[in-house]
Amino acid sequence: MRLVFPNGEHGQVLLTPGLNRIGSGDDAVVVLRHAGVEAVHCDINISPTGASLVPARGAAVEVNGKSVHELIALRGGDVIGVGPVLARVVALQAATGQVGEGGEGDTDATRIRPAVPKLVLRGVSAPVFGKVFPLHATLVIGRAPECDLPIESEQVSRRHARVVPRDGSALVEDLGSSNGTYVNGRRVDSGELKPGQELRLDSVRFLLLEPGKPVPPPRRGLRSLAPVRGGAMAGDLGRRRGPRGDRGVVDGSRGVTCRRPASGASRQALRQVPSVSPA
Numbered sequence: 001m002r003l004v005f006p007n008g009e010h011g012q013v014l015l016t017p018g019l020n021r022i023g024s025g026d027d028a029v030v031v032l033r034h035a036g037v038e039a040v041h042c043d044i045n046i047s048p049t050g051a052s053l054v055p056a057r058g059a060a061v062e063v064n065g066k067s068v069h070e071l072i073a074l075r076g077g078d079v080i081g082v083g084p085v086l087a088r089v090v091a092l093q094a095a096t097g098q099v100g101e102g103g104e105g106d107t108d109a110t111r112i113r114p115a116v117p118k119l120v121l122r123g124v125s126a127p128v129f130g131k132v133f134p135l136h137a138t139l140v141i142g143r144a145p146e147c148d149l150p151i152e153s154e155q156v157s158r159r160h161a162r163v164v165p166r167d168g169s170a171l172v173e174d175l176g177s178s179n180g181t182y183v184n185g186r187r188v189d190s191g192e193l194k195p196g197q198e199l200r201l202d203s204v205r206f207l208l209l210e211p212g213k214p215v216p217p218p219r220r221g222l223r224s225l226a227p228v229r230g231g232a233m234a235g236d237l238g239r240r241r242g243p244r245g246d247r248g249v250v251d252g253s254r255g256v257t258c259r260r261p262a263s264g265a266s267r268q269a270l271r272q273v274p275s276v277s278p279a
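In terms of UniProt numbering, the sequence shown opens at residue 1 and continues consecutively.
There's no promise every hint is true.
To be verified - Straight-line alpha carbon distances no greater than 30 Å define the calculated DSS-like cross-link-like pairs of lysine-lysine that follow:
1. Lys194 with Lys213
2. Lys118 with Lys131
3. Lys118 with Lys213
4. Lys194 with Lys118
5. Lys194 with Lys131
6. Lys131 with Lys213
What the hints assert, rightly or not - The following label-pair restraints were derived from C-beta to C-beta distances:
7. Gly58 with Arg158: 17 to 27 Å
8. His34 with Ser178: 36 to 46 Å
9. Gln155 with Thr49: 35 to 45 Å
None of these hints come from the bench; they were simulated from the model. Think of the CB as a built atom: it goes at the ideal place given N, C-alpha and C, for glycine as much as any other residue.
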């Protein structure tokens with residue numbers, strides 16, 4: 001997407017993935033030094049699922065002539081009022097790089113170099129399995145379509161959680177969800193999410209990763225419960241060494257250790273013992 005200023009207050013701006021700040025401050029991506037424009041006026045966030053705008057507290061922001069006071073989704077053709085300055089959102093066609101309907105050429109557009117994300121969220125369960133979401137800026141996750149990362153799941157609240165990138169980690173904040181927000185299995189209202197750790201919104205799970213670095217090994221858990229001979233389950237069986245170093249099989253459900261015979265003769269004798277069916 002890009003911004004076009006019909007009254008000439010600023011040149012055209014190509015919006016980069018992540019946070020695009022608009023304001024009169026020097027750290028803004030789009031600097032508008034006009035009366036009525038705050039130092040930090042609003043943020044436009046470009047994510048893989050679309051664009052959204054978040055106005056700063058107390059700043060006069062309009063979208064299509066209506067005042068905006070919270071997160072709102074943006075689409076091509078929307079007109080944003082930043083104080084007295086108007087800007088039109090123009091969608092680019094991904095296949096050709098041409099602008100959408102009603103757009104002009106890009107000859108005078110300010111091209112902003114895309115920033116490589118330091119952190120990404122990778123989906124590890126349905127409906128986000130295999131998808132990667134760059135964490136350039138604050139990401140609101142929820143069922144509502146205007147969220148930065150909308151998820152079609154009845155177990156996820158409309159505005160479920162907020163993920164804020166930090167230096168080497170992320171801050172996770174629950175937004176009053178019904179089914180809770182979890183970091184590595186622990187329910188949190190606010191907590192730190194480190195690379196390799198799991199973020200779970202009810203049954204929807206993500207891993208926080210650092211691009212270009214090895215993926216940490218998964219947490220050790222129970223082995224798969226595959227049936228084994230005798231009706232037991234593989235997840236119920238472990239191995240333990242006896243007092244003399246001989247190994248036995250532990251039935252985890254009963255806490256019983258059965259010694260393995262050491263000699264071939266003993267094994268032959270054991271085969272001759274009839275099996276006993278459980279009562």
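Going down the list of hints, with the structure as the test:
{"no.": "1", "hint": "Lys194 with Lys213", "verdict": "13 Å, holds"}
{"no.": "2", "hint": "Lys118 with Lys131", "verdict": "17 Å, holds"}
{"no.": "3", "hint": "Lys118 with Lys213", "verdict": "10 Å, holds"}
{"no.": "4", "hint": "Lys194 with Lys118", "verdict": "12 Å, holds"}
{"no.": "5", "hint": "Lys194 with Lys131", "verdict": "19 Å, holds"}
{"no.": "6", "hint": "Lys131 with Lys213", "verdict": "18 Å, holds"}
{"no.": "7", "hint": "Gly58 with Arg158: 17 to 27 Å", "verdict": "25 Å, holds"}
{"no.": "8", "hint": "His34 with Ser178: 36 to 46 Å", "verdict": "43 Å, holds"}
{"no.": "9", "hint": "Gln155 with Thr49: 35 to 45 Å", "verdict": "19 Å, violated"}
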